[in-house]
Amino acid sequence: MDDLSEASDPRLVTMVARYSEVALAEIYRRHGGAVFGLARRVLNDTTDAEDVTQEVFLRLWNEPDRFDPSRGALRSFLLTQSHARAVDLIRSQGARRRREAREAAITAAATYDVRHEAWDLVLADEVVRALASLPPEERQVIELAYFEGHSYVKVAELLNQPEGTVKTRIRNGMRRMRGALVDAGIEGAT
Amino acid sequence: MNHDDATELLALYALDALEGDEAAEVEAHLVDCPRCASELDSLRGVAAAMGNATEAPPAHLWAKIAGHLYDAPSEAPALVKPASVTPVRPRRSRALIISWAAAAALVAVLALALGHANDRAARLQGALTASAKNEVLAALVAPGHHLVTLTGSHHRELAQMVTLPDGRAYLVSSRLPALAPTRTYQLWAIVAGRPISVGLLGPRPSLAAVTMSGARASVLAITDEPSGGSVTPTMPIVASTTL
Ligand SMILES: [Zn+2]
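Going down the list, the protein sequences come from chains A and B.
Number 54 in our numbering belongs to position 54 of the first sequence; there are no gaps in the numbering.
Number 1223 in our numbering belongs to position 223 of the second sequence; there are no gaps in the numbering.
Just so you know, these hints were derived from the structure itself, not from any lab.
As the structure is a computational prediction, the values presented were derived from the model and not from experiment.
C-beta atoms are modelled at their ideal positions from N, C-alpha and C, and glycine is treated no differently.
Check the hints yourself; a few may be wrong.
Reference listing, derived: stretches of chain B covered by chain A, where coverage requires no fewer than 3 residues with Cβ under 8 Å from a Cβ of chain A [as the list claims (entries may be wrong)]:
no.	stretch
1	1015-1024
2	1049-1058
Ranges of calculated distance between the beta carbons of each label pair, as one might list FRET restraints [stated by the list, open to error]:
no.	chain 1	residue 1	chain 2	residue 2	range
3	B	1031	A	129	52 to 60 Å
4	A	65	B	1019	26 to 34 Å
5	A	14	B	1008	34 to 42 Å
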C-alpha cells in the first residue's frame, strides 16, 4: 500500500523531481484550488485563472528545485507564484482592458464591500479578523495592491495620496497583519 | 540598493506592488542579504495567508495540465517570461521527447515513471482513446482515490493502480514483464477470501480501466494465465497488494 495522501508536501516535491506524475497530481489535489482561487480573485476571469494555474503547476513540474521547504510552506510558495503571474497578466495589455471596465464599476460604487462579502465566505476567521483589525487606511491600500493587482504607484494615483504615504501604510499594515496572524497562531498559509 | 532602502520596500515586493526598476533593485539586494531574504519569506507567508481561499477549479483543468507535462519547454504555454533559473535536474533528451510525442499520449503521460519508454509494444498495447486518458488522469485527483502499488517477489514494485470509491480502478503504470502472446495477465480481487476475476490485462499491460463492483476487496492480485483468462487464479501470484 502506497498512499500518497499521507506523504508530506516536501516529500511529494522530491518525487516530482523524479518525474512522478502521481505526486504532482496529489499536490494539485491539495493546493490546486487555492492556486486557482487566488488567480481568479485577482484576475476576475476564469480562463485567465486556468492559464495561471496551469503555468504554476507546469513550472513546479519543470523546476521543482525552486521550492525550498526551509523557506516556507508549499502552499505559500505556490500562492506567491500564482499571485505574481496573475499580476503580470493583469498589468499586460490584454487583461488590462477587461480590468479597467471592472475598475470603473468599483470606483463608481466607491466601496469595496462586494469583495469583503466574498472573503467572509472563504477566508479563515483569523485572517478576516486580522485584516479587520488593521486601521482602515492600511487595509485599503493592502487590498488594492494585493487583490486588485495594483502597484503602489497606481494605488497612490487611485486614492489621490502621496506615494510615500501609500508605501508607509502598506509596510505598517503588513507588519501589523503579521503580528495579528502570529498572535492567532497562524504563521502563513499551510 | 542598500539594506535600509530594501527593508523599506520588502512589504511592497511581497505583494507584487513594485514595478520595474524598484523590483529589480530589491531582487539584486536579496541575493546578498539573507536577513532581507528571510524577512521576505515571512512577509510572503502573510500575503499567502490573505490569499489562501480555496475555490474548486474547473474539472477539466487537471487533465489539461497533465497533457502538457512532456511538452518541450518552448512548447509550454508561457504567460510571462521564464525566470533565468539554471535547471539543476537534467533535461529530458530531445530524442526522447520526439519519440514520446509520436507514441500514444496516454502512455507518454503516465508510463514514463516506470521506465517503459523504450517498450514500443507496451505503448501500442496501451494506446487508449483521448477520453479514456482523461478518465485516468481525472482518477488521479478524484476525491477518495487511492493509489496502490502491487509488488511481486522481493518487494519489487510491478504495477500501480488507482482505485475510486465507486469501484472503478485503473492500472496507471506497469513493470510487469512481457508474456508470450498466448498468455495474459489477469487481475483478481479477493473478496471475503474468494478470488473474483476483475479483468484481463493482456500480455504486455501498460494501462487499463476495470470495475470492481459489489463487496469490498481485501487484496488485489495479478496472475499469469492462458490468453482467454481463467476461472480461478493460477499460482503463484505475480504481484499483489493488500487494500
Ligand atoms: Zn538587506
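Practice prompt. Mind checking the hinted window 52 to 60 Å against the Cβ distance between residue 1031 of chain B and residue 129 of chain A?
Written response: At roughly 36 Å between Cβ atoms, residue 129 of chain A and residue 1031 of chain B fall outside 52 to 60 Å, so the hint is violated.
Fill in: Verdict for residue 14 of chain A, residue 1008 of chain B (Cβ pair) under range 34 to 42 Å
37 Å, holds
Fill in: Given coverage of the stretch 1015-1024 of chain B by chain A, tested with a Cβ cutoff of 8 Å and a minimum of 3 residues
holds (count 5)
Worksheet entry | Pairwise beta carbon distance, residue 65 of chain A to residue 1019 of chain B, judged against the given window 26 to 34 Å | At roughly 28 Å between Cβ atoms, residue 1019 of chain B and residue 65 of chain A fall inside 26 to 34 Å, so the hint holds.
Discussion item. If you count the residues of the stretch 1049-1058 of chain B with a beta-carbon closer than 8 Å to a beta-carbon of chain A, do you get 3 or more?
Written reply: Check passed, 10 qualifying residues.
In this structure, only the earlier hint numbered 3 is contradicted, and the remaining ones agree with it.
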